[in-house]
Amino acid sequence: MKTPLLGPFKTPKSNAHLLGPLQKIHLPMKRFSESDEVDYVIVGCGSAGGVLLQRLARAGFDVVALEAGPFWDTERDWVSDESGSHQLYWEDPRVTGGSDPLALGANNCGKGVGGGSVHWAAFTPRFHPSDFEVYTRDGVAVDWPIDYDVIRPYYEQLELEMPVAGPAYYPWGHPHGYPYGPHPMGGVGNALIKGCTALNIPVSIGGPVAILSGSHGDRPHCIYRGFCIQGCKVGAKASTLITHVPDALKSGAEIRDNCMASRIELGKNHRVTGVHYFDRDGNTHFQRARAVIIAGYSIETPRLLLNSACPGFEDGLANSSDTVGRYMMAQAGNVVLGRFDQPVRMYKAPPAHALTEEFYETDPKNDFARGFAIQTVGPLPIAFGKEMVAAKRAWGWGLRREMMDYNHWASFGLLGEILPWPDNRVTLADETDRFGLRVAHVSFNLHDNDKKLIKAAKEKTSEVMHAAGATEVVQEARFAHLVGAARMGSDPRTSVVDKFGRTHDISNLFVCDGSILPTQGSANPGLTIQALAARTADYLISQRDAIFTSDKREMTEPALRTELAPPGTYGRGIPHLK
Amino acid sequence: MNPNDPDTSLLPRDAATGEPLLPTDQPGYYRGFSTMSQKAYWDQTTRDVITMRVEQPPSLHHFTADQARFWRAVFDHLIPQHDRTPEHRIPIVEPLDERLYQNRGIGYRYEKMPQDREAYRLGKQAINEEAKARFGGEFIYLPHHQQDLVLQALHDAKNIAGKQIWKQMSIRRFWQLLMQDALEAYYSHPWAWDEIGFGGPAYPRAYTRLERGEPEPWEVEEKRHEWLAPLYTVSDVIEDTLELHLESDQNNYFLE
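The listed protein sequences derive, respectively, from chains A and B.
Once you know that position 250 of the first sequence is 250 in this note's numbering, the rest is easy, because the numbers rise by one and skip nothing.
Once you know that position 138 of the second sequence is 716 in this note's numbering, the rest is easy, because the numbers rise by one and skip nothing.
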């Protein structure tokens, strides 16, 4: 079987902008003029920015998103290839340090419309109710200014909009079910089920993942090709590029791609007036706006605020608390690899397809607070090679030999909660990028609780791998995800934004992305980031013009607006369990 | 090495007889498996990118001829390819050269590391200092086995020469950089996928046999054979780092 029946696959010749093989997108989009004072400029069109853009446009606001990377045509721009997918990641220079420096780039930072949701593995567990009151329960970290019941309707909403596939009954945190059926198991998921079952640990099979197990509108179902984190060409894995951006453009939003924000302009009366940015050719522009929302994630958001220092805010815009850039978090993401006598072929199936949250909560028997999850991961050959270099110090012939056994390995990722610490922070380095903007310096340091938690999580994950039948178990120490660095809170002295994402210092400047999270649990943050964005959008919409004309802060929770969901998403799927 | 008369001391050996195994077009346990034979089933963009990788590897722009020869000799140890016939060896220096020429980073630099171009410049100096300290000559002129020992010293980061250079950059992070560039080049190549039995691109066709590690109709079953590394190599060893559960301990231990 060398050739498809109808000949080799070819990209259609039409000039249409393609999102997956079927999805149509409304172009040309509306274009605002820089001399127009638009209602909102959103900096960053990723997980949060995409949802915000869609909601605000649908509600009738004039809204422009500035996105540092390209507006992907997924059929023409993306490849089923590890090495050919670099452009999806934020690869501009940054400096990483501290006692436990974080790998950035492909590990946790997206660039281009859709942002990190383009290359996430798409695990979408909710945070647990306990995550919102860590300080009250455990005396560590900090409580959120909201509780689980506030975000819960937005979890339910976004799980339908993505939508999420998973089991009908999910037992951890606040028990609930998922609208789309669970995915079939790959070899790694089978190993996790086998190991967990042998140790009497409950396990969630086939999700929760924002990957289609059945076709949905103009998006086909998953084909199990394993290139989730290289961008899903199929259109089965949710990214805001395909779930929210098409409706945003249809509703009159504008996205300026390849535009790098450089500075927020502060005008009279402590109110911002717009955003300075560079276009793809390096020309400078200024877009006027009645309010600005920064959605650049945990490094670029604080970087932009710090680079926007000005008279009155010498230490960075909206930084009177000196918390901009602080309390940044990554999760422990150690990968435990097990070798099996029988082949596994872990490149098939989505890397994300089974997990257990049995160890998520604080256990008084432990010598640390909070907990961890164990999840499937599915490294492709280059990533697997890097793991062999770290885990076994392999090189030369030893490395070639290990790599020839690629198909015999399965891998689990632990996801461990690291607490927010003030010395884990983003500052500005002395060096500059190609626009002359000072780049971010990221300093990360593990503390006692973190180290104890990682050790215990690694040992439990190794135990599960042995119980699954692995004859050899090794481990790569690493980190996953980023959140924090512009945290929300009720006290303007210890946080950057209030519970709706509005900066304490400036009434028409908002932050809406992972950087506002006060703590992170041991759940992947993507769903929570999008849920918070939908809630912030409801708040902004409920305020109509008040944000543009007054400094008064209404602190009442907005009503959930299901009618703002992209068409055909809300109100379908099974009812969730109460 | 004359391709028609390979230096047998550089070749892997049959585990039973100890005899050198002659170079082949496709090492590994998946004889007859070819990802490129499936390229008509891939989407056009992927097909174009990967076909280009095989048929038109980049030419050198950043490294001088001398530097390229030096790094070729180094990568010949980090990912040795003497078991491959010369026409089926996978270029490693060329993709690296292209990355450095374009000044393309990976999105971050450790604070204990210089920029990548500078790291490779310093790295060459340091490897040569190590070669001189141990064996009294530049790396490129040492016999193959001594070159292996020089790089083993770098890998182990113990009793290392070039202390002035390693004050300017972390030896462990430099090793990590070298290995990442080597892996990125070698294991992004379809011939390496054939070697390890990785199915490669599968859009729009799909994978359908997800469980029990079974092959698709167009993949092949594994057929293992035991082999020994070349007689004089020191790289066919692995270490257990299971106890090092902090990234900084696993990758970044320092000298002294």
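Among the clues, some could well be false.
In silico contact screen, one side only, chain B against chain A (beta carbon under 8 Å); selected entries [as the list claims (entries may be wrong)]:
1. 688
2. 692
3. 810
4. 823
5. 828
The hints are simulated quantities; they were obtained by calculation from the structure and are not laboratory data.
Predicted model, so just to flag it, every value in this text is computed and none were measured.
Using N, Cα and C, we set each Cβ at its ideal position, and we do this for glycine too.
Against the structure, the hints come out as follows:
no., hint, result
1, 688, "6 Å, holds"
2, 692, "11 Å, violated"
3, 810, "11 Å, violated"
4, 823, "4 Å, holds"
5, 828, "5 Å, holds"
Hint compliance for this structure: hints 2, 3 are not met, and every other hint is.
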